[in-house]
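2 protein chains.
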Amino acid sequence: MSDDKKLARASLDSLYRIFTVPEAPDSTLGRIDQSLSQDLAGFLQQHIVASERDLADIESDFDSAAIPEHPTFVSEQIQFVMDKLVAQSVHISAPSFVGHMASALPYFMLPLSRIMMALNQNLVKVETSKAFTPMERQVVGMIHKLVYDNDEAFYEHWMHDRAHALGSFCSGGTIANLTALWAARNNALPPGGDFRGLGQDGLLAGMQHHGYQGLAILVSERGHYSLGKAADILGIGRRSLIAIPTDNRNKVRTDLLASKCDELKRQNIRVMAIVGIAGASETGSVDPLDTMADIAAERGIHFHVDSAWGGPTLFSSTHRHLLKGIERADSVTLDAHKQLYVPMGAGIAVFRDPKTLTSVEHHAEYIIRKGSKDLGSHTVEGSRPGMAILVHSGLHIIGRQGYELLIDQGIEKARAFAQMIRESDDFELVSEPELNILTYRYVPADIAQALAQAPESLQRAVNEELNKATKRIQKIQRGLGKSFVSRTRLNPALYDGDDIIVFRAVLANPLTNTEILSDLLEEQRQIAATRDDVKTILGLARACFRSC
Amino acid sequence: MSDDKKLARASLDSLYRIFTVPEAPDSTLGRIDQSLSQDLAGFLQQHIVASERDLADIESDFDSAAIPEHPTFVSEQIQFVMDKLVAQSVHISAPSFVGHMASALPYFMLPLSRIMMALNQNLVKVETSKAFTPMERQVVGMIHKLVYDNDEAFYEHWMHDRAHALGSFCSGGTIANLTALWAARNNALPPGGDFRGLGQDGLLAGMQHHGYQGLAILVSERGHYSLGKAADILGIGRRSLIAIPTDNRNKVRTDLLASKCDELKRQNIRVMAIVGIAGASETGSVDPLDTMADIAAERGIHFHVDSAWGGPTLFSSTHRHLLKGIERADSVTLDAHKQLYVPMGAGIAVFRDPKTLTSVEHHAEYIIRKGSKDLGSHTVEGSRPGMAILVHSGLHIIGRQGYELLIDQGIEKARAFAQMIRESDDFELVSEPELNILTYRYVPADIAQALAQAPESLQRAVNEELNKATKRIQKIQRGLGKSFVSRTRLNPALYDGDDIIVFRAVLANPLTNTEILSDLLEEQRQIAATRDDVKTILGLARACFRSC
Chain Y
2 MSDDKKLARA SLDSLYRIFT VPEAPDSTLG RIDQSLSQDL AGFLQQHIVA
52 SERDLADIES DFDSAAIPEH PTFVSEQIQF VMDKLVAQSV HISAPSFVGH
102 MASALPYFML PLSRIMMALN QNLVKVETSK AFTPMERQVV GMIHKLVYDN
152 DEAFYEHWMH DRAHALGSFC SGGTIANLTA LWAARNNALP PGGDFRGLGQ
202 DGLLAGMQHH GYQGLAILVS ERGHYSLGKA ADILGIGRRS LIAIPTDNRN
252 KVRTDLLASK CDELKRQNIR VMAIVGIAGA SETGSVDPLD TMADIAAERG
302 IHFHVDSAWG GPTLFSSTHR HLLKGIERAD SVTLDAHKQL YVPMGAGIAV
352 FRDPKTLTSV EHHAEYIIRK GSKDLGSHTV EGSRPGMAIL VHSGLHIIGR
402 QGYELLIDQG IEKARAFAQM IRESDDFELV SEPELNILTY RYVPADIAQA
452 LAQAPESLQR AVNEELNKAT KRIQKIQRGL GKSFVSRTRL NPALYDGDDI
502 IVFRAVLANP LTNTEILSDL LEEQRQIAAT RDDVKTILGL ARACFRSC
Chain R
2 MSDDKKLARA SLDSLYRIFT VPEAPDSTLG RIDQSLSQDL AGFLQQHIVA
52 SERDLADIES DFDSAAIPEH PTFVSEQIQF VMDKLVAQSV HISAPSFVGH
102 MASALPYFML PLSRIMMALN QNLVKVETSK AFTPMERQVV GMIHKLVYDN
152 DEAFYEHWMH DRAHALGSFC SGGTIANLTA LWAARNNALP PGGDFRGLGQ
202 DGLLAGMQHH GYQGLAILVS ERGHYSLGKA ADILGIGRRS LIAIPTDNRN
252 KVRTDLLASK CDELKRQNIR VMAIVGIAGA SETGSVDPLD TMADIAAERG
302 IHFHVDSAWG GPTLFSSTHR HLLKGIERAD SVTLDAHKQL YVPMGAGIAV
352 FRDPKTLTSV EHHAEYIIRK GSKDLGSHTV EGSRPGMAIL VHSGLHIIGR
402 QGYELLIDQG IEKARAFAQM IRESDDFELV SEPELNILTY RYVPADIAQA
452 LAQAPESLQR AVNEELNKAT KRIQKIQRGL GKSFVSRTRL NPALYDGDDI
502 IVFRAVLANP LTNTEILSDL LEEQRQIAAT RDDVKTILGL ARACFRSC
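Residue numbers (my numbering), protein chains in the order written: chain Y, 2 to 549; chain R, 2 to 549.
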């Protein structure tokens with residue numbers, strides 16, 4: 002039997018070999034391993050979608066739930082993976098893929114990921130991670146410092162503290178937000194008298210003890226969907242996540258936020274958290290964090306900032322002022338797999354006060370024992386990989402200056418793209434890029450002109466047609482596989498809160514340039530001009546004006 | 002500047018290069034990449050801990066929270082990683098590391114992990130994953146079939162269904178348990194009348210609408226600590242996770258389980274879930290799942306099985322009968338990063354009824370839109386990596402027969418180890434290995450003999466000394482770095498429920514053999530015989546008898 006390690010005649014002997022690192026680099030497995038690196042290198046420089054097979058067709062490659070009885074050769078499976086998965090995946094690292102929060106990765110992340118995978122440390126406890134535990138604590142400390150910038154003595158005291166955590170490293174922003182809101186909820190209903198705390202006695206007992214009629218979380222209508230999910234999971238209910246309207250720059254209306262807080266207080270509903278956004282998923286906008294911090298502080302409310310996207314703006318001397326007030330937040334979410342440029346999935350929640358996470362602390366007999374330095378005592382997740390090694394490496398190899406360049410070039414590129422859209426006579430900028438995200442739509446000059454002068458009810462009818470056109474153009478462009486923008490639905494003040502479907506562009510990939518962006522617009526223009534379905538829709542929009 | 006890509010004079014130009022795949026395999030970065038593979042291969046075959054530096058000392062390498070201002074050479078950072086992290090990590094893949102749920106990995110996982118990392122797909126939505134979405138759905142379907150074994154038509158109908166999910170792929174068992182209990186909680190308080198469901202209106206409104214005094218989750222005292230955490234997060238409270246006593250084989254007492262259900266019902270407390278365990282973390286024991294399924298079915302209670310560890314026992318024709326009844330569970334947790342032998346972190350929750358997860362379904366405007374096939378609409382997490390590719394590959398390359406061998410050899414090895422302990426005159430087996438986990442402790446023959454005849458109060462005093470000895474021996478052996486068993490605290494019927502600290506051995510690594518296990522016992526014996534602190538403790542245990 003070759004060392005391709007087929008288990009066809011499955012035996013213990015062949016099984017042992019499959020678990021052993023091949024010593025000869027020219028063994029079959031060694032060769033597969035090396036050639037893969039080169040294939041991938043070439044592959045990653047191609048287009049966004051290598052083939053135009055549609056999803057239903059691709060599903061036929063993955064249609065059996067039967068677990069194969071007999072083992073397959075490694076080389077066969079790798080071939081399947083290359084043909085059926087790699088070739089049918091989305092090249093989110095392509096410079097023309099500007100539709101989601103994705104980017105090319107620094108190449109050094111690959112060998113480092115391999116180290117991480119090979120060591121397979123489990124960060125739930127020191128016994129299965131050793132140096133990875135202090136390393137992750139340092140990474141959490143560094144992000145804490147990026148946000149709160151405390152002095153050296155603070156970190157010397159707390160960073161490796163046995164009983165406390167400056168934050169919680171996790172698989173992504175959703176879990177980071179959940180962690181922060183979990184702690185906020187438990188702290189909002191503290192123990193006292195017969196009540197042993199929400200963690201022990203539950204929500205119902207906590208409400209009764211404190212005499213509240215309900216709990217609420219307040220965030221702008223641009224809040225990430227993970228907050229609604231957290232409200233559901235935490236037992237608050239999605240309807241207690243209250244959406245505060247935004248101004249014409251997609252920032253929360255702080256006057257309405259403050260008055261809602263006071264209204265809820267009169268109703269005896271405890272606001273357990275106010276959530277500020279630093280880099281909204283849809284528009285990249287940043288809330289007025291400093292004013293929000295005032296509102297929260299005056300009322301003794303936990304202030305959480307979701308900077309999953311925008312947090313790394315703090316690296317930039319030019320732009321960090323946009324996040325002014327974040328340093329007053331009780332907790333902050335930041336995604337490393339977004340603008341720290343590490344692979345999926347790495348998120349972090351940091352807490353200003355090292356004691357905040359105490360309300361969610363937990364222990365077990367065989368791991369995360371009291372008094373241990375095990376990280377698992379303050380996390381939503383249990384067993385976790387050592388992803389922090391990639392963040393540690395990014396922070397060192399790229400450094401603050403490198404991240405500053407990355408942030409600055411993204412914002413500049415977004416502004417250049419916005420200018421391109423503004424200067425065109427057939428595109429309309431719907432939201433300005435405060436950071437590196439903008440939204441826009443295709444509106445031919447004649448329609449734009451007529452729309453500006455039309456009465457409100459007519460505007461609505463025309464916008465409905467334009468929404469259909471935007472949706473079609475986005476789908477067609479995605480299908481062509483050359484460029485990709487995403488789409489979403491906004492209610493901009495510009496159209497009196499009408500639902501407007503927009504293209505959404507995220508300019509985070511340093512390999513994207515203005516030529517690529519110009520080509521992207523040109524392709525959308527071409528789709529609008531040549532595709533019959535889009536032409537029909539635009540014709541219907543024009544007909545709206547005539548029928549008046 | 003070399004292609005080592007230092008950003009020392011950080012410039013946009015050097016930044017672009019760092020994000021580009023090196024074309025020449027003999028470039029500096031290409032060479033680093035290749036030599037790392039070989040270094041790692043050698044490294045992974047060494048001892049458990051490469052150095053005996055203690056944690057406080059290691060922390061000094063990770064003591065600064067300052068983010069480096071200037072970029073570092075890739076080669077410098079890799080050297081740091083090799084010296085300070087790799088060399089100080091725990092070799093959980095070593096055959097003598099039998100203390101936690103860890104193992105060597107099949108080597109093919111490494112090149113496949115590289116593909117996964119390089120593609121960096123995000124499985125929250127089809128737009129950033131394409132073929133990875135149907136692939137993950139297939140993997141979930143395969144695990145569903147392993148557990149529930151429905152017919153082909155069932156999977157043809159449901160596996161790729163737009164609006165439903167057969168399960169939820171996630172970062173690990175903790176999130177899988179949380180997902181299952183989240184759905185169970187929401188389904189326990191269904192919408193009706195003015196009540197729009199727990200997800201919308203929250204726990205308080207749900208309890209009021211249904212007129213319950215409380216909610217409860219029932220599990221044996223061997224339940225995993227993630228269940229307590231889930232009870233906290235979900236707002237039920239840890240005290241509503243009710244621990245049912247176990248029999249002398251560490252299985253839940255189903256008589257007590259049934260009577261507790263009925264008692265709670267009389268108190269108007271709704272049992273939202275009964276949790277069965279298939280492979281308890283501490284003892285590897287399996288609950289009588291079939292009887293539990295009866296109890297749950299008779300009372301209309303959600304039955305969840307936590308088979309994070311034991312699930313893959315279903316691959317074994319010889320041992321799958323132990324899990325009889327799991328196919329009647331409403332939801333089942335299984336960890337792929339445990340006995341499917343993939344790296345951290347990959348867990349799955351599967352649901353018998355494809356409609357169970359509907360109660361936690363959620364959507365957003367820019368992703369996971371209604372009607373899309375986006376996986377993110379039924380998961381606790383948001384953005385997620387394509388770990389399912391590793392499970393898909395394991396299931397194909399190893400196959401059912403391969404996994405059967407892995408399971409069988411683990412159970413046989415555990416039995417052989419148990420026999421070795423039974424035959425020795427200085428070790429005591431505390432829990433028999435039903436699967437591949439056992440617990441034991443060091444009790445010299447003279448103490449064992451005296452203990453057997455001692456009255457209860459004296460037994461307790463002696464056991465307290467023996468507990469100290471077990472704890473010391475475990476710590477010393479861990480520090481020596483040759484072998485590793487973990488320790489936990491049990492209350493076996495053997496000692497009338499006294500707290501007994503035990504060594505815990507998990508026999509899952511196929512490279513572990515009986516010689517290694519024999520050496521491990523011999524080392525513990527030597528520690529007990531030669532270390533003064535252990536000798537002193539054992540002396541105190543002996544003194545207890547004399548002082549009577």
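Simulated from the structure, these hints should not be mistaken for lab results. Keep in mind that the hints are not guaranteed to be accurate.
Identical chains blur together in the list; that is why a pair holds if it fits in one copy or across any two.
Below are the EDC-like pairs computed for lysine to aspartate or glutamate, each with C-alpha atoms no more than 20 Å apart in a straight line [claimed, not checked]:
(1) Lys476 - Glu366
(2) Lys472 - Glu366
(3) Lys476 - Glu222
(4) Lys536 - Asp55
For Lys536 and Asp55, with the copy left unspecified, which applies at a CA distance of at most 20 Å: within, between, both, or neither? neither (24 Å within a copy, 71 Å between copies)
When Cα atoms must be at most 20 Å apart, do Lys476 and Glu366 count as within-copy, between-copy, both, or neither? between (53 Å within a copy, 15 Å between copies)
Between Lys476 and Glu222, at a C-alpha cutoff of 20 Å, which is it: within one copy, between copies, both, or neither? neither (26 Å within a copy, 53 Å between copies)
Within, between, both or neither, where Lys472 and Glu366 count as close if Cα-Cα is 20 Å or less: Answer is between: at 12 Å across copies they meet the 20 Å cutoff, but 54 Å inside does not.
In summary, the structure is inconsistent with hints 3, 4 from the numbered list given earlier, while agreeing with the others.
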